[in-house]
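Enquirer: One-letter residues, chain by chain:
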Amino acid sequence: DAGVIQSPRHEVTEMGQEVTLRCKPISGHNSLFWYRQTMMRGLELLIYFNNNVPIDDSGMPEDRFSAKMPNASFSTLKIQPSEPRDSAVYFCASSINSIHEQFFGPGTRLTVL
Amino acid sequence: ELKVEQNPLFLSMQEGKNYTIYCNYSTTSDRLYWYRQDPGKSLESLFVLLSNGAVKQEGRLMASLDTKARLSTLHITAAVHDLSATYFCAVDRPENTDKLIFGTGTRLQVFP
Chain A
1 DAGVIQSPRH
11 EVTEMGQEVT
21 LRCKPISGHN
31 SLFWYRQTMM
41 RGLELLIYFN
51 NNVPIDDSGM
61 PEDRFSAKMP
71 NASFSTLKIQ
81 PSEPRDSAVY
91 FCASSINSIH
101 EQFFGPGTRL
111 TVL
Chain B
1 ELKVEQNPLF
11 LSMQEGKNYT
21 IYCNYSTTSD
31 RLYWYRQDPG
41 KSLESLFVLL
51 SNGAVKQEGR
61 LMASLDTKAR
71 LSTLHITAAV
81 HDLSATYFCA
91 VDRPENTDKL
101 IFGTGTRLQV
111 FP
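Residue numbers (my numbering), protein chains in the order written: chain A, 1 to 113; chain B, 1 to 112.
These are computed hints drawn from the structure, not numbers from a lab. Positions of the beta carbon are idealized from the N, C-alpha and C atoms, including for glycine. Do not take every clue at face value.
Derived pair list, reagent style DSS-like, types lysine-lysine, alpha-carbon separation capped at 27 Å [said to hold, decoys possible]:
| no. | chain 1 | residue 1 | chain 2 | residue 2 |
| --- | --- | --- | --- | --- |
| 1 | A | K78 | A | K68 |
| 2 | A | K68 | B | K41 |
| 3 | B | K56 | B | K17 |
| 4 | A | K24 | B | K41 |
| 5 | B | K56 | B | K3 |
| 6 | A | K24 | A | K68 |
| 7 | B | K41 | B | K17 |
| 8 | A | K78 | B | K41 |
| 9 | A | K78 | A | K24 |
A few chain B residues that don't get close to chain A, going by computed Cβ distances all over 10 Å [to be verified]:
| no. | residue |
| --- | --- |
| 10 | N7 |
| 11 | K17 |
| 12 | A54 |
Pulled out of the complex, with its shape left as it was, chain A reads as follows (with noise of 0.2 Å):
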C-alpha cells in the first residue's frame, strides 16, 4: 500500500492566492482528517470526515477554509484567500472506524508571503 499521498509536498505562494491542498487516502479507510502543526500551535485538527461526509469542521480557523471529499479516495483543502499566518505544514491522516489509529502523510508545506 502506498499510504497516504498528499499533494504538492511543498506550495510557495503570494498572500491573497488560492491555494488547494490534495490528500488520497489509504484504499478501505472510512476517516480522513486534516491537521495543521506550526511551531507555535503545534498540531491542530481542523476538520474530519466519516464515509466522505464532513464530521466535526469545528478547528477549521475562518470562512477562507474549506474542505470537500467528493469521494472515498480523494480530499481536498482550500484557502482562499491565503494569508501569510496560514503559513504551516499541513498533514492529511486516515483511519479504519474500528481502529482510529491514524496514519499520517507526507505533509504539504505552505509557504504564504
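Go by the hints and put chain B onto chain A.
Expert: Leaving out everything else, chain B in the frame of chain A:
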C-alpha cells in the same frame, strides 16, 4: 473537555541511559496511541494501546497504559541517537471515537 498532557516537554539524555515519558489525560478513555515525528517529517504510528494494562514493546521503546490512573508511559531503555525525535501521545475521545486528541509532544534529544 478532554485534555492530554505530556511531560517532560523537552528531554535531553545521554546515550545508554533510561528514561520515561509520561502522558496524562483528563477523562475516561480506553485507547491510547503513541506517535513519533522526526524533524521535518510526518508522524509515524509507534504503538496502539487498546485496554487497561496493555503493554507493547518495540526495540528500546516500551509503552504501557493504565486507564484507571489515566496515564500512559513510554519507557526508553539504553537510549541511542537514532531515537532523537518528538514523541506524541493521543487519546480517543469517549463520546466521539473517530477523533484523537493529541498531547503537546515530547522532544527527545539523545547525545553521545
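Enquirer: I'd like to know which numbered hints this structure contradicts. Please list them from smallest to largest.
Expert: Nothing - there is no hint that the structure violates, so all of them hold.
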